[in-house]
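*Asks:* Residue-level listing of the chains:
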Amino acid sequence: MPHVELDAITKSFGAVSVLPPLSLSVGKGEFVVLVGPSGCGKTTTLRILAGLETASSGQVRINGRDVTHARPGERNTAMVFQNYALYPHMTVRGNIGYAMKVHGVPRAEIDARVDEAARLLALDPYLDRKPRNLSGGQRQRVAIGRALVRQPEVFLFDEPLSNLDAKLRVEMRTEIKLLQRRLGTTAVYVTHDQVEAMTMADRVVVMRSGRIEQAADPITLYEQPANRFVANFIGSPAMNFFDVRIEDGAVMLGAQRLPLVEADARRLGSRRTVIFGIRPEHMRHSAHEARLTLWPEAIEPLGAQTLLLGRAEGQKITAQVDPRFPASVGQPSTVTIDMTQAHFFDPETEARL
Amino acid sequence: MTASAERQDGIKHLFIWPAFLIVLVVSLFPLIYALTVSFQTVRIVPPTPPRFVGLDNYAQIASSARFWGAIGTTALITFLSVSAQYVLGFLLALALHHNVPGASLYRVTFLLPMFLAPVGVALIARMVFHPYLGPVNDAMAGLGFAYMPFLTEKWPAIMVLAVIDTWQWTPFVTLLMLAGLQGLPQEVFEAARVDNIGAWRRFWGITFPMLLPLSVAVIFIRLIEGFKIIDTVFVLTGGGPGTATETLTLFAYNEGFKKFNLGLTSALSFLFLIVVIVFGTVYLAAAQRLTRRYA
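The listed protein sequences derive, respectively, from chains A and B.
Position 60 of the first sequence, counting from 1, maps to 60 under the working numbering, and the rest follow consecutively.
Each number in the working numbering comes from the position in the second sequence (counting from 1) with 353 added on.
These are calculated hints, taken from the structure and not from any lab test.
Take the hints with a grain of salt, since some may be wrong.
[Said to hold, decoys possible] For the chain B half of the interface with chain A, some residues (derived, Cβ under 7 Å), not all of them:
| hint | residue |
| --- | --- |
| 1 | T505 |
| 2 | E506 |
| 3 | E540 |
| 4 | V541 |
| 5 | E543 |
| 6 | A544 |
| 7 | R546 |
| 8 | V547 |
| 9 | I550 |
| 10 | R554 |
[As the list claims (entries may be wrong)] Cβ-to-Cβ under 7 Å is the rule here; a few derived chain A residues that face chain B:
| hint | residue |
| --- | --- |
| 11 | L52 |
| 12 | M79 |
| 13 | A85 |
| 14 | Y87 |
| 15 | H89 |
| 16 | A99 |
| 17 | G104 |
| 18 | V105 |
[Stated by the list, open to error] Computed cross-link-like contacts, EDC-like style, restricted to lysine to aspartate or glutamate with a CA-CA straight-line distance of at most 20 Å:
| hint | chain 1 | residue 1 | chain 2 | residue 2 |
| --- | --- | --- | --- | --- |
| 19 | A | K101 | B | D584 |
| 20 | A | K130 | B | D409 |
| 21 | A | K167 | A | E153 |
For every residue, glycine included, the Cβ atom is placed at its ideal position computed from N, Cα and C.
Could you put the whole structure together from the sequences, leaning on the hints where they help?
*Replies:* Here it is in structure tokens:
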């Protein structure tokens, strides 16, 4: 039985519909990440789950119980907010233990649980400080501690790492993931950062304008994106897309001919025009390669690899090549494309072919 | 130093001196003059030449029961009305913050009393609480109570004065507390709701402590203002019966502009200043301890 279920929920603010009917179920202990550009409805979905917003229609179930109209406090969820939402006038100890204190948990047990959480999150030295005397990362750890001492059914994370600097974000993302796995608590996590989504999730839910574009494990999302939007959103640098013709079992990009893999050729059948997608990192040798000439406009050496940004037959392209790849701006340069990694999308529906 | 820097240096005098002179003439000079007068007997009616008497004026005031009575009355009215203003003002601010129906209408009407001149308010109140013509006594008679001599007996009169001050200045507290409430971070309250902390605990555990520094400031402003109460007392009771409702400022007014005993009045003004400073300091010290502990 799914642990958390959203059953055809909708949400509109006045005349503006934010969520069309949206359904999603999350298994027990699963780490699900909702990801999408801003305004895609991911935060609204999370807030409906938390009870901070009420769905206009549809049903929310946690552990089989209908909580659609339950108050936030009655759902046994714990939420971590983007700007921490700590109680500024309480110490770290007070913040973490406040809910327990209000609910009449004995003093000794509060102390024990706060100490345990503090140890887990390396907050011991700061227990008597107030939030304003902590760094961003420490504050967010306090917020996480406050959530986990409640031993909730579900953790809800609303972009918890967005306010942290890049290095800390990488550390915290691992910490949160490990913690969730150790506790085995179901988690729903909202972010706009696809790297965060890919690295943390058991299952990633990609959203756009309130709709779920694809919900799958990170590797499936990367290897078999359901449509052009997902393909573009997942992966960095983003996938290249070209409007191409299909002729004689080959992709025709302007005058350049890229022979198709047999399976792809069969699948595309009699289609004449498609969108051809290839990731920058799939421009290297393979069993089935095709040569593509491009005109680099900028060269970005990143150390482990180099990015060529330029144009091929008038369309923009990014290619990831070896650091010592011989290329210079303005001079035509030929890369080998791994055609086994090619993606094709319908030009009308943008769905995967 | 370059030439232009020197010229700018000259300009600074142009900016500083007028302000300094105005402060000197309007504020410092009268203060110092009043201080010297407070050590003299200066009577205009009948005119007598000023005579240095040292601390006699102060001694005379300190030994008069009327002075201590005035301090007691002023402190009592201020304490009653500021307490009521704070509680009511905060409650109204909470109601407006949570958008009760018609909040935008209330927001304007609640502020109206604050815009009225205190003398006007006092004149209205004199009619409202009139022993025979006023609607309050009519209503009480209708409910079967005896007529109440609101303005001619000590305790009812003090209560009326506190009520009027409350009526006029609660909007001020509402306005500032509402601004404070609207400045609080929303997520903190959402976090508390998710953590199943009820509205009552949310208020006492989160809202109130977070607004404590603002509360301290608002109450302080009202305390200082409240101590200066004179217009309503002057119009409603004139300090009577006897001197039962006489406040410090009214006492000073009576000495200065009815008896024209200016030396004594100046001394009284300085004592008034000292009283306000003492009350203010005690209050701030207490408030600071409270803030350090809870906010």
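*Asks:* For every hint, state whether the structure bears it out.
*Replies:* Each hint, compared with the structure:
1. Against a cut-off of 7 Å between C-beta atoms, the interface hint on T505(B) is violated, since the closest Cβ of chain A lies about 48 Å away.
2. Look at E506(B): its Cβ only gets to about 45 Å from chain A, farther than 7 Å, so that hint breaks.
3. At its closest, the beta carbon of E540(B) sits 4 Å from a beta carbon of chain A; the interface hint therefore holds under the 7 Å criterion.
4. Given the 7 Å rule on beta carbons, the hint for V541(B) holds: about 5 Å separates it from the nearest Cβ of chain A.
5. For E543(B), the shortest C-beta to C-beta distance to chain A is roughly 5 Å, which falls under 7 Å, so the interface hint holds.
6. The restraint placing A544(B) at the interface with chain A holds, with a minimum CB-CB distance near 4 Å, inside the 7 Å limit.
7. Interface hint status for R546(B): upheld, as the beta-carbon distance to the closest one in chain A is roughly 4 Å, under 7 Å.
8. Interface restraint check: V547(B) against chain A, minimum CB-CB distance 5 Å, threshold 7 Å, status holds.
9. Given hint, I550(B) at the interface with chain A, holds; its Cβ is 5 Å from that chain's nearest Cβ, closer than 7 Å.
10. At its closest, the beta carbon of R554(B) sits 5 Å from a beta carbon of chain A; the interface hint therefore holds under the 7 Å criterion.
11. Below 7 Å, beta-carbon pairs count as interface contacts, and L52(A) has one with chain B at about 5 Å; its hint therefore holds.
12. The restraint placing M79(A) at the interface with chain B holds, with a minimum CB-CB distance near 5 Å, inside the 7 Å limit.
13. Interface hint status for A85(A): upheld, as the beta-carbon distance to the closest one in chain B is roughly 4 Å, under 7 Å.
14. Interface restraint check for Y87(A): the shortest CB-CB distance to chain B comes to about 6 Å, inside 7 Å, so the restraint holds.
15. With 7 Å as the threshold, the beta carbon of H89(A) comes within range of chain B, its nearest partner Cβ sitting at about 4 Å, so the hint holds.
16. Interface hint at A99(A): satisfied, since its Cβ lies 4 Å from the closest Cβ of chain B, which is below the 7 Å cut-off.
17. The criterion of a C-beta within 7 Å of any C-beta in chain B is not met by G104(A), whose closest approach is roughly 11 Å, and the hint is violated.
18. About 12 Å separates the beta-carbon of V105(A) from the nearest beta-carbon of chain B, more than 7 Å, and the hint is not met.
19. Using a Cα cut-off of 20 Å, the hinted pair K101(A) and D584(B) is violated, with the two alpha carbons roughly 50 Å apart.
20. Note on K130(A) and D409(B): the hinted pairing is violated, with a Cα-Cα distance of about 54 Å set against a maximum of 20 Å.
21. With a C-alpha separation of about 30 Å, the suggested pairing of K167(A) with E153(A) is violated against the 20 Å cut-off.
Hint compliance for this structure: hints 1, 2, 17, 18, 19, 20, 21 are not met, and every other hint is.
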